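All chains should be built: construct the whole structure from the sequences, respecting the hints.
2 protein chains.
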Amino acid sequence: MTTISAGTAVVDLNAAMAEAARDIDAALDDLLPRAEGDEARLFASMRYSVIGGGKRLRGFLVLEGARQFNVSRHAALRVACAIEMIHAYSLIHDDLPAMDDDDLRRGKPTNHRAFDEATAIIAGDALQAHAFHVLAQEATHPDPAVRIELVRMMARAAGPKGMCGGQMLDMMAEQASEPLDESAIGRLQLLKTGKLIEFSAEAGAVLGKAPSAQRHALAAYGRELGAAFQIADDLLDATASAEEVGKATAKDAGAGKATLVGLLGIERARLQAESLVAQARHHLDGFSERAEMLRALADFVIARRN
Amino acid sequence: MTTISAGTAVVDLNAAMAEAARDIDAALDDLLPRAEGDEARLFASMRYSVIGGGKRLRGFLVLEGARQFNVSRHAALRVACAIEMIHAYSLIHDDLPAMDDDDLRRGKPTNHRAFDEATAIIAGDALQAHAFHVLAQEATHPDPAVRIELVRMMARAAGPKGMCGGQMLDMMAEQASEPLDESAIGRLQLLKTGKLIEFSAEAGAVLGKAPSAQRHALAAYGRELGAAFQIADDLLDATASAEEVGKATAKDAGAGKATLVGLLGIERARLQAESLVAQARHHLDGFSERAEMLRALADFVIARRN
Numbered sequence: 001m002t003t004i005s006a007g008t009a010v011v012d013l014n015a016a017m018a019e020a021a022r023d024i025d026a027a028l029d030d031l032l033p034r035a036e037g038d039e040a041r042l043f044a045s046m047r048y049s050v051i052g053g054g055k056r057l058r059g060f061l062v063l064e065g066a067r068q069f070n071v072s073r074h075a076a077l078r079v080a081c082a083i084e085m086i087h088a089y090s091l092i093h094d095d096l097p098a099m100d101d102d103d104l105r106r107g108k109p110t111n112h113r114a115f116d117e118a119t120a121i122i123a124g125d126a127l128q129a130h131a132f133h134v135l136a137q138e139a140t141h142p143d144p145a146v147r148i149e150l151v152r153m154m155a156r157a158a159g160p161k162g163m164c165g166g167q168m169l170d171m172m173a174e175q176a177s178e179p180l181d182e183s184a185i186g187r188l189q190l191l192k193t194g195k196l197i198e199f200s201a202e203a204g205a206v207l208g209k210a211p212s213a214q215r216h217a218l219a220a221y222g223r224e225l226g227a228a229f230q231i232a233d234d235l236l237d238a239t240a241s242a243e244e245v246g247k248a249t250a251k252d253a254g255a256g257k258a259t260l261v262g263l264l265g266i267e268r269a270r271l272q273a274e275s276l277v278a279q280a281r282h283h284l285d286g287f288s289e290r291a292e293m294l295r296a297l298a299d300f301v302i303a304r305r306n
Numbered sequence: 001m002t003t004i005s006a007g008t009a010v011v012d013l014n015a016a017m018a019e020a021a022r023d024i025d026a027a028l029d030d031l032l033p034r035a036e037g038d039e040a041r042l043f044a045s046m047r048y049s050v051i052g053g054g055k056r057l058r059g060f061l062v063l064e065g066a067r068q069f070n071v072s073r074h075a076a077l078r079v080a081c082a083i084e085m086i087h088a089y090s091l092i093h094d095d096l097p098a099m100d101d102d103d104l105r106r107g108k109p110t111n112h113r114a115f116d117e118a119t120a121i122i123a124g125d126a127l128q129a130h131a132f133h134v135l136a137q138e139a140t141h142p143d144p145a146v147r148i149e150l151v152r153m154m155a156r157a158a159g160p161k162g163m164c165g166g167q168m169l170d171m172m173a174e175q176a177s178e179p180l181d182e183s184a185i186g187r188l189q190l191l192k193t194g195k196l197i198e199f200s201a202e203a204g205a206v207l208g209k210a211p212s213a214q215r216h217a218l219a220a221y222g223r224e225l226g227a228a229f230q231i232a233d234d235l236l237d238a239t240a241s242a243e244e245v246g247k248a249t250a251k252d253a254g255a256g257k258a259t260l261v262g263l264l265g266i267e268r269a270r271l272q273a274e275s276l277v278a279q280a281r282h283h284l285d286g287f288s289e290r291a292e293m294l295r296a297l298a299d300f301v302i303a304r305r306n
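Chains as they are written, first to last, in the working numbering: chain A, 1 to 306; chain B, 1 to 306.
No wet-lab data here; the hints were simulated from the structure.
All of these numbers come straight from a predicted model, not from anything done at the bench.
You can trust all of the hints, since none of them are fake.
The list cannot tell twin chains apart, which means a pair is met if one copy fits it or any two copies do.
As a list, the in silico EDC-like pairs of lysine to aspartate or glutamate whose alpha-carbon atoms are at most 20 angstroms apart: (1) K161 / D30; (2) K161 / E36; (3) K209 / E138; (4) K161 / E138; (5) K55 / D23; (6) K209 / D143; (7) K161 / D38; (8) K161 / D29; (9) K108 / D25.
As structure tokens, then:
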């Protein structure tokens, strides 16, 4: 890809991501309980952390994956919202004092700072349950086999063999006497963020009842993309300011966080991310020009500045 | 029911509940990740709170509901395990310092005391995801429509319009300047514990593709039973010792907890629980003698001493 076509793609991608983010926010507003009644505080806390923030990488992947197979945008948006609810819950819990103890997230106070710890814990729990509720309803897909397959995949990606397992490894790495080696860091990140990104990329193929070769290609794309994304995130932490990123930075090194950037150094980590992006793009070789956004997204994850 | 027949029923019920608890523990042992590998601490923490503890009221309801419709015990046990995972996760999070701050649960240290707060938060999160994963797998029922209906029901019962909503009301009630009135307490308890108990009673009918009248009767039975159970729990807190119950008692009054016992006094609360039990039994009128355990269970919830 030349600089010029990359530049063009980035412009289109930004517009598409902004449109997706708007659509996802509107759908979330629709799918989440209104902040009224006796439990208004809970509903407000859920909404606070999931509506109107973040790049919507996961939701965008669902929408673009679904586009390959002519899935209705309405159905794809429901799955995009479910995955964004899971992602938001994980951030709420990750930010708690007993975990990373963060005050700032997406440029505003973390959930437990804006509300309180108990509310943040419950809001996270409620978002996880609600995400499964959204997937399970008929509006997501008329075929129950498709809906239950999405539930099965998301539950696995978010559970002990997925995100929660990675979260645990991350907590333990901070307290370990020896730093993790490259393969342990790779596994930690695959579990903590990779599995959910993989699910996001694959979900559209499930919604579209795609042939298994295409489904597996999208999943593989998501896996490489997720790994590249994590390195890019760590690179941002190491090199950007908090103002640019909207959350505290340069805290990985201080907290003894296990990252590939810490292990390999900035330049080698960047090379590795670029290699992962190339592999991610390679998995899309069998796809039409409709996958152009997914290709551009792969470039974007390592080019982004926030 | 005479004293003698009640006595007989209680003996049978105890044996049946003990057998169900053993079977549920064996199935949980099978369904939960082994405590090995790098995430062993997470898996151990999940197992610590879900295996080998509690009366298994919810799991027993699933098994006995399923028995009405000749559902395979293997399938019913999977759903029983899923609901016990949800229940266990809610207790882990409920016991956290930011919530009820309890040190003792089921006669042993609470999860965050045995492990640590971060592990307890993640273990609860992982148990919730894993519960949905268990429901979603084909081994639970060959018909995806049945599995997705169970997921939909459990997600709703556990989510913002169910257990999490009740949890939030409970937290807010402790900080409120005015005590809750009877109807507000009833709603709090319906959400916090009733919805999950209702789901447990109804799940067997879904597994057995029961006619909707029977399904609704079991759900109604579960609703009344759940309300009676909650009053019985509060009565135990007010009248029994910690040694008998296996967790701290007499703390509701101290913590300003909103309970019907606090509002109505012990005697009127007991009468109300008995009335609920009679209604619960009434919903089983159309069921055969196979529902005898469910009838005995209704009596048991207000007779129990731990």
